[in-house]
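Undergrad: Here are the chains, one letter per residue:
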Amino acid sequence: MRPARVFRWIVRIFILILTASMSLVSILGGMSAVNILGDSNNIQVPYGSVSFYHTGPLAGWNLTVPFLINNTGYFDLTSFEIGISIEMSYNLSLNEIIFNGNQNFDDIPNGEILVDFFFITGFTKSYPLTGPPSFNCDITASGSYSLNLISFEIHILNYNLI
Amino acid sequence: MGAPKNMIKGFIFMGIYITITIVIPYLTFTYIKGLEIEGIPIILSQEDYDTIIYWVTAFGLVISGCAFFTFSSPKQSIRKGSFALIQVILNCLYLWSYKFSGATDIQIDISGGGINGYVILGIQQFILVFMGIYFLTITIKIYDLVDFTVNREKIRKKRWGIV
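Chains as they are written, first to last, in the working numbering: chain A, 1 to 162; chain B, 163 to 325.
No lab work stands behind these hints: they were computed from the structure.
Beta carbons are placed, not taken as given, at the ideal position from N, Cα and C, and that holds for glycine.
Accuracy of the hints is not assured; some may be wrong.
[Claimed, not checked] So, partial list: chain B residues that the calculated Cβ filter (under 7 angstroms) puts toward chain A: (1) V281; (2) L283; (3) G284; (4) F288; (5) I289; (6) L298; (7) T299; (8) I302.
[To be verified] Which stretches of chain B does chain A cover? Using the computed rule of at least three CB atoms under 8 angstroms from a CB of chain A, they are: (9) 227 to 233; (10) 290 to 297.
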């Protein structure tokens, strides 16, 4: 074999290993998506009911969003974060965002289940309420999968709390 | 290898490339389109789906055609080297087509069961890693082409059994 061909074979084997690894990651990533999304019990946000306590215009409030994620895929779920923005609607036409924040959670190794909850608390300032306010929230869940090569964001808009 | 055998090899590889670049992506995006989470159907808009499938099919066909010429050409020939290089560059464009067809940031709407929203899947990092591998492949293909051109006589003598 000519020396030029030996060099070529070395580089080709290296490229082959890289391509094979990436193809394997693609296939396992696709199979993970099928495993996780194929069963509706694997992602439950909220897991049970969302509890929101609010007693009056000057009182405190707290919100608990329980969730369950069953990572039945082949990779760890990393950088998992939930963000919530709560908007209060009052006096028929007025709206105000009373909370906007994120909470980070532990990585979920493959084959493991994370049951946790998003918990926030706060106080409303004084509002000249003429009637009971209503509360809506936007929920965002984001994370990375397949060795951080694939990212996802789930946005749930205008979820009615009260 | 004789011409008929080269032709058969070309058709086989064309079939493989059609499967990889058109059939598998088509089935994947069609699967995503009809997916349900917690019983809620997710909606990949028809327009997005059509755009993605259009670009994937367009580049897939060109790559598969090129694969036929690459694999049906004689071993270590300049023709093989040229088509192999064109094919790798087309593969890069194919991957890049995922970006400009919107497939690297797939937005899927969720609607039903009192829940409205959307899901975004980002595969840009994934595509970029593949582009890196293709860069190395392009380098080796250029190297091949130069090698086939410089050592043309030596390769021909070996091919025809001339000592």
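Undergrad: Checked against the structure, which of the hints given earlier come out wrong?
TA: The structure breaks hints 5, 9; every other hint is satisfied.
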